[in-house]
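Following the hints, position chain B against chain A.
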Amino acid sequence: MAERRVRPPGGVRYIGGALLFVVSLTQVKSNSLLKYCAVFTALATFVLVWMGGLVTSHGAGLAVPDWPNTYGYNLFFFPVSKWIGGIFYEHTHRLVASVVGFLTSILALWLFGRPARPVLRWAGAVFVAAGIGLCAKFPAHTAENLLLTGIGLAALVAGFFWPNCEPSAKWLRVLGAVAFFTVVAQGVLGGLRVTRVNDQLGIFHATLAQLFFLLLCSIALFQTNFWRRLPVEAETDFRHFRPFFVLTTALILGQLALGATMRHQHAGLSIPDFPTAYGKIWPDTDAAAIARYNQNRLEVMGYNPITAFQVELQMVHRLMALLILMAVGACAWRAWRYLGRGHWLTRFSLAWLGLVLAQVFLGAATIWTGKSADVATAHVACGALCLATGGLASILSCRLLTAPAARVRLAANDEITTLPPSSAMPAK
Amino acid sequence: MKRVLLSLTVVVLAGLLQRASAADVSGKVTLKGTPPPEKTIAFDDTCSKLHPTVATTRHYVVGQDNGLANVFVYISKGLEGKKFTPPTQGIEINQEGCNYQPYVSGVMVGQPVIIKNSDPLMHNIHAMPKADGNTEFNFAQPNQGDVNDSKWVSCIKSPEVLVKLKCDVHPWMFAYVGVQDHPFFAVTDKDGNFKIANVPAGKYTLTAYHLKAHGTKPGESQEITVADSPVTANFTVEVPAAQ
Numbered sequence: 001m002a003e004r005r006v007r008p009p010g011g012v013r014y015i016g017g018a019l020l021f022v023v024s025l026t027q028v029k030s031n032s033l034l035k036y037c038a039v040f041t042a043l044a045t046f047v048l049v050w051m052g053g054l055v056t057s058h059g060a061g062l063a064v065p066d067w068p069n070t071y072g073y074n075l076f077f078f079p080v081s082k083w084i085g086g087i088f089y090e091h092t093h094r095l096v097a098s099v100v101g102f103l104t105s106i107l108a109l110w111l112f113g114r115p116a117r118p119v120l121r122w123a124g125a126v127f128v129a130a131g132i133g134l135c136a137k138f139p140a141h142t143a144e145n146l147l148l149t150g151i152g153l154a155a156l157v158a159g160f161f162w163p164n165c166e167p168s169a170k171w172l173r174v175l176g177a178v179a180f181f182t183v184v185a186q187g188v189l190g191g192l193r194v195t196r197v198n199d200q201l202g203i204f205h206a207t208l209a210q211l212f213f214l215l216l217c218s219i220a221l222f223q224t225n226f227w228r229r230l231p232v233e234a235e236t237d238f239r240h241f242r243p244f245f246v247l248t249t250a251l252i253l254g255q256l257a258l259g260a261t262m263r264h265q266h267a268g269l270s271i272p273d274f275p276t277a278y279g280k281i282w283p284d285t286d287a288a289a290i291a292r293y294n295q296n297r298l299e300v301m302g303y304n305p306i307t308a309f310q311v312e313l314q315m316v317h318r319l320m321a322l323l324i325l326m327a328v329g330a331c332a333w334r335a336w337r338y339l340g341r342g343h344w345l346t347r348f349s350l351a352w353l354g355l356v357l358a359q360v361f362l363g364a365a366t367i368w369t370g371k372s373a374d375v376a377t378a379h380v381a382c383g384a385l386c387l388a389t390g391g392l393a394s395i396l397s398c399r400l401l402t403a404p405a406a407r408v409r410l411a412a413n414d415e416i417t418t419l420p421p422s423s424a425m426p427a428k
Numbered sequence: 001m002k003r004v005l006l007s008l009t010v011v012v013l014a015g016l017l018q019r020a021s022a023a024d025v026s027g028k029v030t031l032k033g034t035p036p037p038e039k040t041i042a043f044d045d046t047c048s049k050l051h052p053t054v055a056t057t058r059h060y061v062v063g064q065d066n067g068l069a070n071v072f073v074y075i076s077k078g079l080e081g082k083k084f085t086p087p088t089q090g091i092e093i094n095q096e097g098c099n100y101q102p103y104v105s106g107v108m109v110g111q112p113v114i115i116k117n118s119d120p121l122m123h124n125i126h127a128m129p130k131a132d133g134n135t136e137f138n139f140a141q142p143n144q145g146d147v148n149d150s151k152w153v154s155c156i157k158s159p160e161v162l163v164k165l166k167c168d169v170h171p172w173m174f175a176y177v178g179v180q181d182h183p184f185f186a187v188t189d190k191d192g193n194f195k196i197a198n199v200p201a202g203k204y205t206l207t208a209y210h211l212k213a214h215g216t217k218p219g220e221s222q223e224i225t226v227a228d229s230p231v232t233a234n235f236t237v238e239v240p241a242a243q
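Line order of the protein sequences matches chains A and B. Counted the way our numbering counts, the first sequence spans residues 1 to 428. Counted the way our numbering counts, the second sequence spans residues 1 to 243.
Isolated chain A, as found in the complex:
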């Protein structure tokens, strides 16, 4: 008679699996898993940027008037039944922001490797002590204090099971620390934007979000084998590419800041038509024209009246879009011409061009749909992808410039120079 194997219940299997995973992490001696953590954090940040776009597109930035609480509740204990209207967008944005903050903390600590263990243990112990102390002192806030204690306990336990790998390079650890402090600053900025009812802070919050996303994408890139192999693969002098990529990326960042400024004016569409602007190539912006534009707006949402500044801002945004499209096109063309169609940087540049084209279309669609929230949000998210792609292309071109093979340039050569393969380079 065959022996019947008894399977443990589902819950036990999951807990057992989780424990096994944690124990296996303690055995991790290399940073091989770190890249997945970095990629996942970058993806979560992209989702967060998307949700931030939803918040402004739905005009829900101040739907939750308090911070760090939500309508007096602790963020994590706010009842789901109350996630209505604009509250849904703002509250879920805050929740996902917490997740990104948590993931960024893990990523930053992981970059520090084994030495993070005592830090975690001490921080955990302090949190546990603070949580218990606050429970005794403020019994009315037991839930919050227990949450603090729980976080401390998790950190304390993690301090014993943290990956046992070597610290990453110093510059990577610095980047991790910068990411950590940026996410904290970003959370505080978002909170102050709410409590101080300040739109300017919202502009900084939105722009910093884009930079933070680029930073996390960069950290993820630095963990890949592709990045590590780059120096030995370098066969081309990229000095003529670097300024193109860097300047174009800077233009995109400026464009995103412009977009954030437009969104945080809460004035809806300051120009309702495209490609014309109030039926003209350049709209009138005198006082009478602005008065006429406002009189003719029959908005359902509670938008602010538009001003001449906002009309001009959108025109600059359009011109910048055209300039960026041409600049990215020029990057792709140069890469194609000098590196060939099959080179990874050419393909990367073509993908970048595709993203920028999609972004231009989404910008136009935002106007054609009367600033439909979903389209406007997709425009924000695609902008983040354009910046990240340009930023990574810039970093890669800079990296290649400093690669050992690329350092050997032909003297006094002003044109793009294709160097012999690194294997054929003379030994130093």
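What the hints contain is simulated information worked out from the structure, not anything from laboratory work. Hints are supplied without guarantee of correctness; some may be wrong.
Covered by chain B, per the in silico footprint, the following chain A stretches (three or more residues, Cβ under 8 angstroms) [as the list claims (entries may be wrong)]:
| # | stretch |
| --- | --- |
| 1 | 33–44 |
| 2 | 65–72 |
| 3 | 293–306 |
| 4 | 332–344 |
Sample of chain B residues lacking proximity to chain A, with all beta carbon distances greater than 12 angstroms (derived) [stated by the list, open to error]:
| # | residue |
| --- | --- |
| 5 | Pro36 |
| 6 | Gly63 |
| 7 | Gln101 |
| 8 | Ser118 |
| 9 | Met122 |
| 10 | Glu136 |
| 11 | Asn143 |
| 12 | Lys166 |
| 13 | Asp189 |
| 14 | Ala201 |
| 15 | Thr205 |
| 16 | Glu238 |
Cβ coordinates follow ideal geometry from the N, Cα and C atoms, glycine included.
The following block gives chain B in isolation, referenced to the frame of chain A:
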């Protein structure tokens, strides 16, 4: 005794004189032209249950004989340097059926505005003043029956036409409050009529401002002279030409 009688006589005479030297200013604001059709508000699930009928925007509310409602009429010149005590009785702005009632109202600087939530759901009240001295504010009224009568007075301290109130939870909800440092203002009723009571004798500029018809323009103005008898001042507001 003589002194008391004399004082009483002076007070009564002063009162009578003051009464005699003030008059009501009334009139009608008429809309000229055909306004564009209002847009239907697409309520979300929770609000549509509270609002069984179709609701629209309230850009041009036109009544009998083209009378235009929601016009803020106020004395814009002629009262400089005079001080007036704000009424202690406040006006009410109610959040009801996921809309503000009334849409346009007027208040004196220092007069309470009682903000009330009659809906069984959460609203936030976000005031967006522009004038110097006024502070933007945003607070929550999560429960039905929540009332606040102090926030407005603590934040709105300067005259402004018009301060916007909005709900960020329900972005179609907005209302406007005209703020003056004197009590001589009114909002036109559904048929465009208004009445400003007990305006002291003198020469004034009376202004009628409609949010949509005037936009960033200051509104329509006319000179009036108030003496002993009631004054009638009518306004005609034109629908702006399409761009």
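Status of the hints after comparison with the structure:
1. For the stretch 33–44 of chain A, the stated coverage by chain B is not satisfied: 0 residues place a CB nearer than 8 angstroms to a CB of that chain, which falls below the threshold of 3.
2. Coverage of a stretch by a chain is defined here by at least three residues with a beta carbon nearer than 8 angstroms to that chain's beta carbons; for the stretch 65–72 of chain A and chain B the count is 4, and the condition holds.
3. As drawn, the stretch 293–306 of chain A meets chain B at 11 residues by the rule of a beta-carbon pair under 8 angstroms; at three or more, the given contact holds.
4. Residues of the stretch 332–344 of chain A with a Cβ under 8 angstroms from some Cβ of chain B number 0, which does not satisfy the need for three, so the listed coverage is violated.
5. Distance to chain A contradicts Pro36 of chain B as a non-interface residue, since its nearest Cβ pair spans about 6 angstroms, not more than 12 angstroms.
6. Distance check on Gly63 of chain B: its Cβ is at least 19 angstroms (rounded) from any Cβ of chain A, clearing the 12 angstroms threshold; non-interface status holds.
7. Distance to chain A confirms Gln101 of chain B as a non-interface residue, since its nearest Cβ pair spans about 15 angstroms, more than 12 angstroms.
8. Residue-level check passed: Ser118 of chain B sits 16 angstroms from the nearest beta carbon of chain A, beyond 12 angstroms.
9. The Cβ of Met122 of chain B sits about 6 angstroms from the closest Cβ of chain A, inside the 12 angstroms cut-off, so the non-interface label is violated.
10. Distance check on Glu136 of chain B: its Cβ comes as close as 5 angstroms (rounded) to a Cβ of chain A, failing to clear the 12 angstroms threshold; non-interface status is violated.
11. For Asn143 of chain B, the shortest C-beta to C-beta distance to chain A comes to about 10 angstroms, within the 12 angstroms cut-off, and the non-interface label is violated.
12. Against the 12 angstroms criterion, Lys166 of chain B falls within the reach of chain A, whose nearest CB is about 4 angstroms from its own CB.
13. With a closest Cβ-Cβ approach of about 23 angstroms to chain A, Asp189 of chain B is found to remain outside the 12 angstroms limit, as its non-interface label requires.
14. Distance check for Ala201 of chain B against chain A: the nearest CB is about 35 angstroms away, which clears 12 angstroms, and the non-interface claim stands.
15. At the 12 angstroms boundary, the C-beta of Thr205 of chain B stays outside the reach of chain A, the nearest C-beta of that chain being 20 angstroms off.
16. Some Cβ of chain A comes within 12 angstroms of the Cβ of Glu238 of chain B; the nearest lies about 10 angstroms off, and the non-interface call is violated.
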